[in-house]
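Both chains come to you apart, so use the hints to assemble them.
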Amino acid sequence: MKPEVKKPIFSSYINNPALFDEVFNNDGAAKNVYQKLLDLYGNHSIQDYVQLNNKAKSSFFNQGITFQVYDNKETQEKIFPFDLFPRIIDEDEWEIIERGAIQRSRALNLFLWDIYHDKKIIKDGIVPLDLISSSANYLHQMIGVDPPGGIYNHISGTDIIKHSDGNYYVLEDNIRCPSGVSYVICNRTALKRALFGVFNHYKTHSVTNYAENLLDILESVKPKGVDVPNCVVITPGMYNSAFYEHSYLAKAMGVELVEGRDLFVENDFVYMKTIRGPIKVDVIYRRVDDQYIDPLEFRADSSLGVPGLFAAYIKGNVCLANAPGTGVADDKAIYTYMPKIIKYYLDETPILNNVHTYHCSRPNELKYVLEHIHELVVKPVDEAGGYGISIGNRLSKAEIKVVQEEIKQNPRKYIAQPIMSLSVHPTYIDDSESFEQRHVDLRTFTLLGNKKEFVLKGGLSRVALKKGNLIVNSSQGGGSKDTWVLKK
Amino acid sequence: MLARVANNLFWMGRYIERSEHVARYLNVNYFSSLDAPNELSQSRQFVLQSMMFLVGEPLDDDSIILKEEDILFNIGLNANLPYSIINNVKYARENANSARDLISTELYESINKFYHFVIRYSIEDFTKKGLYDFTVNITEMTAILRGKIRGTLLHDEVYAIIMLGINLERATQVIRIINAKYNDAVKAKGSYGDKISNSFEWTTLLKCVESYDMMRRYYKKTPTSISTLEFLILNPDCPRSVINSINQVYKHIKVLDESKTPDKNSTAFLISKVKGEYEFKFAEEIEEDIQGFIEKILNSLVQISLKMENEFFTY
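As they're listed, the protein sequences go chains A and B. Take the first sequence: its letters are residues 1 to 488, numbered as in this note's numbering. Take the second sequence: its letters are residues 1 to 315, numbered as in this note's numbering.
Treat each hint with caution, since some may be false.
[Claimed, not checked] Chain B regions said to be covered by chain A (calculated; three or more residues, Cβ under 8 Å):
| # | region |
| --- | --- |
| 1 | 3-13 |
| 2 | 99-106 |
| 3 | 125-133 |
[Claimed, not checked] Far from chain A by the CB rule (all over 12 Å, computed), these chain B residues:
| # | residue |
| --- | --- |
| 4 | S32 |
| 5 | D35 |
| 6 | N78 |
| 7 | R93 |
| 8 | D213 |
| 9 | K254 |
| 10 | S305 |
[Unchecked claim] Computed Cβ-Cβ distance ranges for the label pairs, DEER-style:
| # | chain 1 | residue 1 | chain 2 | residue 2 | range |
| --- | --- | --- | --- | --- | --- |
| 11 | B | S122 | A | S58 | 14 to 22 Å |
| 12 | B | E124 | A | V228 | 56 to 64 Å |
| 13 | B | I64 | A | P278 | 50 to 58 Å |
| 14 | B | L306 | A | R276 | 17 to 25 Å |
| 15 | B | L306 | A | P278 | 19 to 27 Å |
To be clear, the hints were calculated from the coordinates, so they are not data collected in a lab. Even for Gly, the Cβ is constructed at its ideal location relative to N, Cα and C.
Same shape as in the complex, but just chain B (with noise of 0.2 Å):
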């Protein structure tokens, strides 16, 4: 495969997993809202300061007051702005157009599908009446995609080179969204007597990464901090935790590199030695620091971004 196509391989599945969990992130925080149990996560201004923490662009003064409706134009449909979901859509597109003869008619199909109903859709029936509509289709697509990757393509570098972008992609926003909430549940501590560990924030982020319904599988009681860490960090089953999508990322990078014992300055090897820190983690150690560790795993999903792309993608 030209190495040109695979970066853009990979950059389409990492576009398409990031339209999707910032899509997501804003239909539960928008939704969950509106009824939470106190005031300060009722209210809109926290809202929708959450959603700007999550693409990137935190608020440094909370008395700057924010406007709903261009907020979520901003981050759903501004065409102008890098971190849109509209863009992320493009790129998305953009990347599989340059690789369409690798991947098939019908995820081609699909992704043009996808293009054409974000381009499409009304920006004031977005921002007033579509949230649910446009973020809830975001989602459902995207579930398309990757069920036509998975069940389209040849199992072979192209598809391992996809679900790199896609799992680095998802451990890498998974981990944002903790970040987020953290924040979010930091702020709403000692409103309604709340302590952080009680957080509702922690329901409202395990349902962000859609494993509310497996985590109460799992512990069947009320999230707490230390759980809902454990289970999003930590537990190799659950199919959105930072660990899983580590351990696609080695399983698929194996597909590009089969030596058994990888060179130390591979990615192969990168990818091992974060993959066995976290292995043996617990979410205690997290919960001491958890700032420190998500600029730490954060940095170092970058890295294996950055070897990828030395080792595979330039020439």
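Just chain A, same shape as in the assembly (with noise of 0.2 Å):
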């Protein structure tokens, strides 16, 4: 019987100039910093891998780490899609993005207070009026509230890319309820289940601080003549998808994790229902939209939020993080003036670059957007999850029409920027098992709390596992990778 003969893990790997990938120079030799890691894989075959894999996989299954599908009535669990061969942030550049995602969290944070009150940067004429006053998410309700500890956005999702120049850009902020910390995490634990030898080769910063860090910002925004504040996390419940990242959040942190229906509000005070009785709440980290978080003040028919809720917010008895209505300011349009918002609040130059965008709302740039649809990718101000977004060079000419005709009947509602090409990392892909370039971004998640900010170090690599795709939304199939940090 002749031996299966076994194909070193990269031998296949096929590098496309075109492309700025990560790990190789366009020589095909490898940048300095993954060269160990390569050696050290390379020491595996392909079908050393693929063993590998499975088990990382049926690790993430058994801990129920899943999301659910429907499908002909049946529901079945998938896991998230992740990849084994990590991505490797040097000292230097992490340096630059921690200060960058700080300086954005920063501004944000004075930004969205400022459009609650004063109002002094539209006085002044750098972000226009009709910008705030038309976007679905300023919650006139805001208006003049105190938040305690003057923070609206505690917790920063930044989605940032390596464009082929190989200079990061901030993509967009997410200020709501940004999600996938958890996943960092995991993907973490399941790294140094199946490859922890490599680990003894790289100095990497611990991304199991987070949780710790999370509830020093909570504590640090309590409200007024509080001692200790009791925090809770919020979540809509366990059908949602995101619920094993609330679970994981509550238990890392050992704080009750309750549903709407667990909490009521008495005297604008907020309390749990526990096995002794009503237990006061002063601190709540709500991953329920701000429509659903009280059906008295938002969305009459929500079931997922607290009667009362926002009016004891108002009066300062409980702090919400994030603050309702910081969606405002991580709207797309908003996202265009962050380094006139940056300037104006902190006297800083941006840290990170922004994309340039194009404004749709603004005449003469909508004719060049109209103009130059194939060589730009138009998204739509206010949606999450990479939903109706297109990309100019992958339309035929009828879709092309399609899009122009959907900017014209609502310009306020769209922006567009060049395309970006997003750097690639060598990705495991299991149809051809082997390794192939594939697009790759990071979401960092900031903590800003009372005289008190954090980074985690490290961060959601999202890949788009599709050949070519350039949108890594989980939700539109995209899978992550660990993501190293390097210590000094």
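Spelled out as structure tokens, the structure:
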């Protein structure tokens, strides 16, 4: 019998020179920081790797780190695709990302305070009034409200890409209920279980300290007069796709995971219903959207919220993290003003680049967009999860026409950006049983509290698993990678 | 702890325990009947009827012919029947899901594996050749779960609530199994000249609750109705006995209610009262009116459960 030929792991890797590969140079040589890792992975054949990959998958499955898919009335559980080849970010690059992420979070917080109070930035003509007043996410109920500790965006998820010029660009800020941090931690756990040896050769920052920092941040924004605050996480419930993350965070912080029906409001204070009667709640990390938090104030048909919660919040008796109404600032139209917003409030130049953006609400820019759709990415300003995005060079002539019409119908709803070429990273592809280049982005997690701030050293590197695809959201078939930030 | 979550944990404990007893009942009855000493106990219909009796669907009409594959499927893997093992396991996991932040990662992972084992089990394999494999796996996995509950959870309120669920369910299931086997013993009376008191069914009963070996060590005699009832109901050292379960319930309610003299409307008071009643009973009293006894104690257990619900789970 002929012995099975064991192919080395990167033997069939094709390096397309038109793309920015984070691991290999154009001449095929590995970048310094990856050399050791490639040597270590090189010890494995592709068959070994397949086995490790399957083990990692079943580890996710048994831990119940899954999401539900509905198919022919049957519910199926699927794991989030995870790639065992990690992404490395060296200490110098990370320093820029970290400083940049904090800078943006601070600026956004000051911006939110301003637009819900004096609106100086509008009076000074930096940001146009109609951009705010026309935003569905601007909550008039928040005008004049002082959130405890002066913080609006306690938790920010910043989506960053590396462009083909080798620089980092921010694609968007997520400051409503950004999710994904639990996968950062799970990815690390899974990689450690499967390939523990590789960690001996790199000094990688830990990611498990996120929860303790989150709890510190939440406690730092306790309402006035509270000594030791009682913090909880509120979830829409176990059928929510991010429920695993909610339960993970509650468990890791050691606080209760509540649903709306577990809370009630009496005399503008919030209580949870426990086996020993009511217990007052001071800080709520809410993973329920603005519109659902309080049926008395927002959507009356919401059964996920707590009647009277918003009144308690306005009275300053409870802190909500993130504050209601933050969505106005992670609007993709506001995004384009970020360099100006940073300059205005902090008097600093932006550390992270913004992608140049055309506003379809401005007549001359609208004209440019309509004429250049084939080389632009058109995005609706208020959708999350990668929905409604059209990428110009993939559209047929007929499809371009449709997009043009949609934009003309409602110009305020759309922005356009040049097609950015996301960097690629070698990613194991099940179907071909080999490594191939795939586009990758990075979501960082920044915490902002009362005189405290924290950036998780690591982040969620999301991979677009479909060949050539630029959209990395998990709802659009994206996978993820463990992301190492190296220590100095 | 949240009242809603406490309720879920209580039921998680109950469903885990219930799935085990149903699985073991199928296993022991089926396999011990294969070489039972009399014709009736050997008959497939007799065994299938007994299985239906246990899950609370007794047959009114003995002339109905039950099909083995149907009955096994219904009790084991029919997701549309509330009493099936697959549903018990589903409910157990669903309850665990909603309390996922409170239970240990290790316990959750075991429940999750348990769930996936059951829902992936082939129906055809189970009804044709997998009865032994399936039921033994269920009992072993529930044993692992009990180990994880005991060994990976802080012994605080969360633990107490789960243990209350487990022990109330155990007492209930043991009584139900006694009831089912007593019913079988009555039916088997006379065939092969058996008296109820010496029926083969008592041995099966003891095996159904994994107490046969313990019983032999304790009495060193073939089980009779009196010794079996005494052992399974009144012996506090038998970990499957009703009084042992009630003692456990008493111990765990004390974690939730620390008052020395509980209020007369409290769960703790009711549990003490029930406990007192069975501490000073003897087996002959029970045997006099076994049906009456069974009804009474099942009712007491239901009352305890309802009281817990009122006191701790609703607000």
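Consistency of the hints with the structure:
1. 3-13: Holds, because 4 residues of the region 3-13 of chain B bring their Cβ atoms closer than 8 Å to Cβ atoms of chain A.
2. 99-106: Per the Cβ count (4), the hint holds.
3. 125-133: violated (count 0)
4. S32: Non-interface label on B/S32 holds, nearest chain A Cβ at 35 Å vs cutoff 12 Å.
5. D35: 39 Å, holds
6. N78: Per Cβ check, B/N78 is outside 12 Å of chain A; nearest 15 Å; holds.
7. R93: 9 Å, violated
8. D213: B/D213 is indeed farther than 12 Å from all Cβ atoms of chain A, at 33 Å.
9. K254: 14 Å, holds
10. S305: 15 Å, holds
11. B/S122 to A/S58: 14 to 22 Å: Once the Cβ atoms are compared, 19 Å apart, the range 14 to 22 Å for A/S58 and B/S122 holds.
12. B/E124 to A/V228: 56 to 64 Å: 58 Å, holds
13. B/I64 to A/P278: 50 to 58 Å: Once the Cβ atoms are compared, 54 Å apart, the range 50 to 58 Å for A/P278 and B/I64 holds.
14. B/L306 to A/R276: 17 to 25 Å: 19 Å, holds
15. B/L306 to A/P278: 19 to 27 Å: 22 Å, holds
Of the numbered hints listed earlier, those contradicted by the structure are 3, 7.
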